[in-house]
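Trainee: Spelled out from the first residue to the last, the chains are:
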Amino acid sequence: MLLTLALPCRCVFQLFYSFFKSLVGKDVVVELKNDLRLGYLNIKLTDISVTDPEKYPHMLSVKNCFIRGSVVRYVQLPADEVDTQLLQDAARKEAMQQKQ
Amino acid sequence: MHNDQPTTNTVEEPLDLIRLSLDERIYVKMRNDRELRGRLHAYDQHLNMILGDVEETVTTVEIDEETYEELYKSTKRNIPMLFVRGDGVVLVAPPLRVG
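In order, the protein sequence lines correspond to chains R and D. Counting from 1, one number per residue, gives the positions in the first sequence under UniProt numbering. Counting from 1, one number per residue, gives the positions in the second sequence under UniProt numbering.
Derived from the structure by calculation, the hints contain no laboratory data. Mixed in with the good hints there might be a few duds.
EDC-like cross-link-like pairs, simulated, lysine to aspartate or glutamate; straight-line CA separation at most 20 angstroms [said to hold, decoys possible]:
#1 D:K29 to D:E65
#2 D:K29 to D:E55
#3 D:K76 to D:E62
#4 D:K76 to D:E55
#5 D:K73 to D:D23
#6 D:K73 to D:E55
#7 R:K93 to D:D33
#8 D:K29 to D:E12
#9 D:K76 to D:D53
#10 R:K93 to D:D16
#11 R:K99 to D:E13
#12 D:K73 to D:D87
#13 D:K76 to D:E35
#14 D:K76 to D:D33
#15 R:K99 to R:D89
#16 R:K93 to D:E13
#17 R:K99 to D:D16
#18 R:K93 to D:D23
#19 R:K99 to D:E12
#20 R:K93 to D:E62
#21 R:K93 to R:D80
#22 D:K29 to D:D53
#23 D:K73 to D:E35
The following residues of chain R were derived to be distant from chain D, with all beta-carbon distances above 12 angstroms [claimed, not checked]:
#24 N64
#25 R73
#26 Q97
We put the CB at the ideal spot given by N, CA and C, even for glycine.
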C-alpha cells in the first residue's frame with residue numbers, strides 16, 4: 001500500500017529538497033498526474049506497491065522505480081513525521097529570501 | 001531584482017499574501033477540476049505546497065446520451081498531510097464561506 005521514498009534527486013528549491021531528504025526511508029504515497037498512485041523534484045522509490053492494481057496491471061512486476069518530478073501531482077505524507085512548525089518557519093524564511 | 005532592505009512584514013507582491021496564510025486554512029483550486037481545502041504549512045515560489053488536514057474534491061460531469069443532461073458529481077477524500085506540486089495549482093484563496 002505505501003512505498004518507501006528512497007532519495008529525491010537534484011533540487012533547485014532548497015526548502016522542499018531538505019524536506020524530502022528528511023522523508024528518506026519513510027513510507028509515502030505518490031499520486032501521479034495520470035491518476036496512477038504508487039506508493040521541479042524527481043523521486044526514486046524502492047519496494048513499491050500499487051494501491052489499485054486492477055486499474056494498472058502493468059505495474060505488478062515493478063519493485064523499484066524512478067519518477068520524473070514534473071509528473072507528480074501529490075505526495076501523501078505520514079502526518080506524524082512532519083514538523084509543521086518547522087515547515088512554516090522555513091517557508092517564511094524562504095519567501096523572504098526569494099524576494100531579495 | 002535587487003532589494004537591499006532587510007526582511008519586511010508588508011505585503012509587496014502576491015506571494016506575500018500567501019505568506020500571511022501560513023498556518024491558516026486555505027482553498028486551492030487545481031487543474032483537472034480538483035479543489036483542496038487544508039491548512040497551509042509550507043509553500044515556495046513555484047506554489048509547491050504542504051497542506052495538512054486536507055479535503056480534496058474532484059468534480060466530474062456525466063452527460064446523459066439521450067437527454068444530453070449534465071449530471072455533476074463530486075468525490076471527496078481526506079488526506080492528513082499532503083505535498084502538492086505547484087504546476088497543478090490554479091488559485092489560492094481563504095476558504096469560501098457558503099450560505
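Trainee: Could you run down the list of hints and mark each one as holding or not?
Mentor: Verification of the hints:
1. Our distance criterion of 20 angstroms between C-alpha atoms is broken by K29 of chain D and E65 of chain D, whose separation comes to about 29 angstroms.
2. For the proposed pair K29 of chain D and E55 of chain D, the alpha carbon gap of about 12 angstroms is at most 20 angstroms, so the pair holds.
3. Taking the CA atoms of K76 of chain D and E62 of chain D, the gap is near 17 angstroms; set against the 20 angstroms cutoff, the hint holds.
4. Of the supplied pair hints, the one linking K76 of chain D and E55 of chain D holds, its CA atoms being roughly 7 angstroms apart against a limit of 20 angstroms.
5. Between K73 of chain D and D23 of chain D, the direct Cα distance comes to roughly 30 angstroms. Violation of the 20 angstroms bound is thereby established for this hinted pair.
6. The straight-line distance between the Cα atoms of K73 of chain D and E55 of chain D is roughly 16 angstroms, inside the 20 angstroms bound, and the hint therefore holds.
7. A distance of roughly 32 angstroms separates the Cα atoms of K93 of chain R and D33 of chain D; the hinted pair therefore is violated under the 20 angstroms criterion.
8. In summary, the hint linking K29 of chain D to E12 of chain D is not supported, as the alpha carbons are separated by about 23 angstroms, beyond the 20 angstroms threshold.
9. For the suggested pair K76 of chain D and D53 of chain D, the alpha carbons sit about 13 angstroms apart, so the restraint of at most 20 angstroms is met.
10. Restraint check: the Cα-Cα separation between K93 of chain R and D16 of chain D comes to about 12 angstroms, which is no more than 20 angstroms; the hinted pair holds.
11. Between the alpha carbons of K99 of chain R and E13 of chain D the distance comes to roughly 9 angstroms, so the proposed pair stays at or under 20 angstroms and holds.
12. Distance hint between K73 of chain D and D87 of chain D is unfulfilled; the C-alpha atoms sit about 25 angstroms from each other, more than 20 angstroms.
13. Annotation: proposed proximity of K76 of chain D to E35 of chain D holds, straight-line Cα distance about 9 angstroms (limit 20 angstroms).
14. For a cut-off of 20 angstroms, the pair hint linking K76 of chain D to D33 of chain D stands: about 12 angstroms separates their Cα positions.
15. The straight-line distance between the Cα atoms of K99 of chain R and D89 of chain R is roughly 16 angstroms, inside the 20 angstroms bound, and the hint therefore holds.
16. Annotation: proposed proximity of K93 of chain R to E13 of chain D holds, straight-line Cα distance about 15 angstroms (limit 20 angstroms).
17. Restraint check: the Cα-Cα separation between K99 of chain R and D16 of chain D comes to about 9 angstroms, which is no more than 20 angstroms; the hinted pair holds.
18. With a CA separation close to 14 angstroms, the supplied pair K93 of chain R and D23 of chain D stays within the 20 angstroms bound.
19. Among the hinted pairs, K99 of chain R with E12 of chain D is consistent with the structure: their alpha-carbon atoms are about 9 angstroms apart, no more than 20 angstroms.
20. The suggested pairing of K93 of chain R with E62 of chain D is violated, with an alpha-carbon distance near 45 angstroms, which exceeds 20 angstroms.
21. At most 20 angstroms may separate the alpha-carbon atoms for a hinted pair to count; K93 of chain R and D80 of chain R exceed this at roughly 23 angstroms.
22. With a C-alpha separation of about 16 angstroms, the suggested pairing of K29 of chain D with D53 of chain D holds against the 20 angstroms cut-off.
23. The straight-line distance between the Cα atoms of K73 of chain D and E35 of chain D is roughly 13 angstroms, inside the 20 angstroms bound, and the hint therefore holds.
24. At roughly 21 angstroms from the closest C-beta of chain D, the C-beta of N64 of chain R stays outside 12 angstroms, upholding its exclusion from the interface.
25. For R73 of chain R, the non-interface assignment is contradicted: its Cβ lies about 6 angstroms from the closest Cβ of chain D, within the 12 angstroms cut-off.
26. Not every CB of chain D lies more than 12 angstroms from the CB of Q97 of chain R, the least distance being 9 angstroms, so the non-interface label is violated.
When held up to the earlier numbered hints, the structure conflicts with 1, 5, 7, 8, 12, 20, 21, 25, 26 and fits the remainder.
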